[in-house]
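Participant: Those protein sequences? They're chains A and B, same order as listed.
Throughout the first sequence, residue numbering follows the working numbering, covering 1 to 216 in sequence.
Throughout the second sequence, residue numbering follows the working numbering, covering 1001 to 1206 in sequence.
Don't read these hints as lab results, they were simulated from the structure.
Virtual Cβ for every residue (Gly too), placed ideally from N, Cα, C.
Any given hint could be a false lead.
Claimed, not checked - Part of the chain A face toward chain B, derived, beta carbon under 7 Å:
no.	residue
1	Arg59
2	Gly98
3	Thr209
4	Met211
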Amino acid sequence: MRRSARWWWLLLPVLLTGVTACGTMAAPQQAAGQSGSVSVSLTTVRTIRSVTISPGYARFVDCKGGDGLAYTASKGNKLGFPNGTCLVNSAIVITNTGIAADIDISGSDAEPADGLTGWTLCNTGPSPAASCTGHRHRPGPDQYKVINYDVFGSQRGGITDTPRCDRVFGPEGSCWARHLAVATEGLWLIGPEWSSDTSTQWTVTITWTPMPGPEN
Amino acid sequence: MHLRPWLSLSLSALVLLAWPAASYASVGVGIQAGPVALAGDAHPGGRYALPPVYVVNTGTEPESVGIRIERISTGTGRTVPPGWVSAASAPVRLAHAQSASIPLELTVPQTAARGRYFSDVVATGSSAIAGGGASFGVAAATDLEFTVAPGAVSHGWFGVPGWLPPFVLAVLVVTAAAVAFRRSGIRIRVEHEPVRMARGRGDDAS
Chain A
1 MRRSARWWWL
11 LLPVLLTGVT
21 ACGTMAAPQQ
31 AAGQSGSVSV
41 SLTTVRTIRS
51 VTISPGYARF
61 VDCKGGDGLA
71 YTASKGNKLG
81 FPNGTCLVNS
91 AIVITNTGIA
101 ADIDISGSDA
111 EPADGLTGWT
121 LCNTGPSPAA
131 SCTGHRHRPG
141 PDQYKVINYD
151 VFGSQRGGIT
161 DTPRCDRVFG
171 PEGSCWARHL
181 AVATEGLWLI
191 GPEWSSDTST
201 QWTVTITWTP
211 MPGPEN
Chain B
1001 MHLRPWLSLS
1011 LSALVLLAWP
1021 AASYASVGVG
1031 IQAGPVALAG
1041 DAHPGGRYAL
1051 PPVYVVNTGT
1061 EPESVGIRIE
1071 RISTGTGRTV
1081 PPGWVSAASA
1091 PVRLAHAQSA
1101 SIPLELTVPQ
1111 TAARGRYFSD
1121 VVATGSSAIA
1131 GGGASFGVAA
1141 ATDLEFTVAP
1151 GAVSHGWFGV
1161 PGWLPPFVLA
1171 VLVVTAAAVA
1181 FRRSGIRIRV
1191 EHEPVRMARG
1201 RGDDAS
């Protein structure tokens, strides 16, 4: 008896640890009598906000403008300077494949193939995000402008580098789109007054984004 | 609004081109509609696991889906600095109709102002098409919201300090060793022998 009591203190920390945890292990006592339960499956609608663009890539064609005397006029699918214009070669089909949402549109800087000096987006209007600094509010040096428009209607809008409501998308100039709403848009690009980068291959990226709208 | 005459003429050509476009490869991305929200308050200096965000490739081609934090929606609250939220596993490569849940981690600096924070979690899809021309991107956004409250970082009501598991393990090992030693019958006796000091003659004379 005396010998056992001597090493019991060694087990004391173990017992204390067990007592600390025992509160989380206690199971509720079952009520007397029989109980029954039933499992009922439930299916919900998908709550995904998504958009799909087709095609994923296009080329600029039908370029016009520029200065013929300086031999910098647009030709075919080549943009001229100053302020030549081009259209994309195919209509862009934007489908709201998710729940109803506001569809925003934004654009990136135009990136030259050599990765050096790009062109920044500019806008016109009463409160442009970035003013076009050229003659008659056209794009200035290393600036460009993109206008998207409804190929079936007369709506059009400007594109900035931050997502803005795509008023071409929704009814009556709004950007609210219900599930599976489709817009068919074209793009019109106005090039810079002149470019400090001498690349002849440029890429612009236009992005559509479904956003939580006022109703969700 | 009225389009320029030349632009109007171009529309007819585009309308004809619109129908084949529907059969082209598409790019698409989706994100959960429910907001990404922290269950409790965050505190300056704390790190928190946000609920993982669900993303899906709704296009026809494989694409890389990334995550960024940006204030796009109109909502109330301070804008979440993008550096506070990290998605370690993004970008993810997803095949057509494939989805993924991307874990997000929130790190609140010690200097963070208290209050409600609001921004958007934006999933971006890219089909990695290179070359001159127009590349069309897709993105989808959902709300991100949490509140920073003053006070110490909370560890929950049953937090386990990092030092406790190894300490408990060490106690168990020592206890087991002591019991085993006790039962083995081995005994260690420590004997103490008094030191005998030699005495000089001077002492005897006294």
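Participant: So which of the earlier hints does this model not fit?
Facilitator: none
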